[in-house]
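All chains, please: the whole structure from these sequences, using the hints.
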Amino acid sequence: AAADSCSTGPVQCCNSVESSHSAAGSALLSVLGIDLQGVTAQLGLGCSPISAVGLGSGNACASQTVCCQNNNVGGLISIGCAPISL
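Here the sequence shown is numbered in this note's numbering, starting from 1 and rising by one per residue.
Simulated from the structure, these hints should not be mistaken for laboratory data. Positions of the beta carbon are idealized from the N, C-alpha and C atoms, including for glycine. Any given hint might turn out to be false.
Taking CB as the label site, the calculated pair distances span [as the list claims (entries may be wrong)]:
#1 ASP35 <-> ALA60: 28 to 38 Å
#2 GLN37 <-> ALA62: 32 to 42 Å
#3 GLN37 <-> ALA60: 18 to 28 Å
#4 ALA60 <-> GLY38: 33 to 43 Å
#5 ALA60 <-> GLY9: 17 to 27 Å
Below is the structure:
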């Protein structure tokens, strides 16, 4: 796979990653009306895609670099995130 992609889509840079059961994660899911039905998932908050061009130009991710199953849910979060290193 390319450095800027995962099997689930583009590599994301997230401001933070929270458990769906954390206070912040639960609050966001509630506001967005999302019910994960007891599934524990990692949520990426404030995510944006990282491009291969951005990686080479010093535009590195200063926070959490992740691959997520569902990106930009409700415009705020990504669901099913797993940390990766580039």
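- Task: Please flag the earlier hints that this structure goes against, numbers listed from lowest up.
- Result: 3
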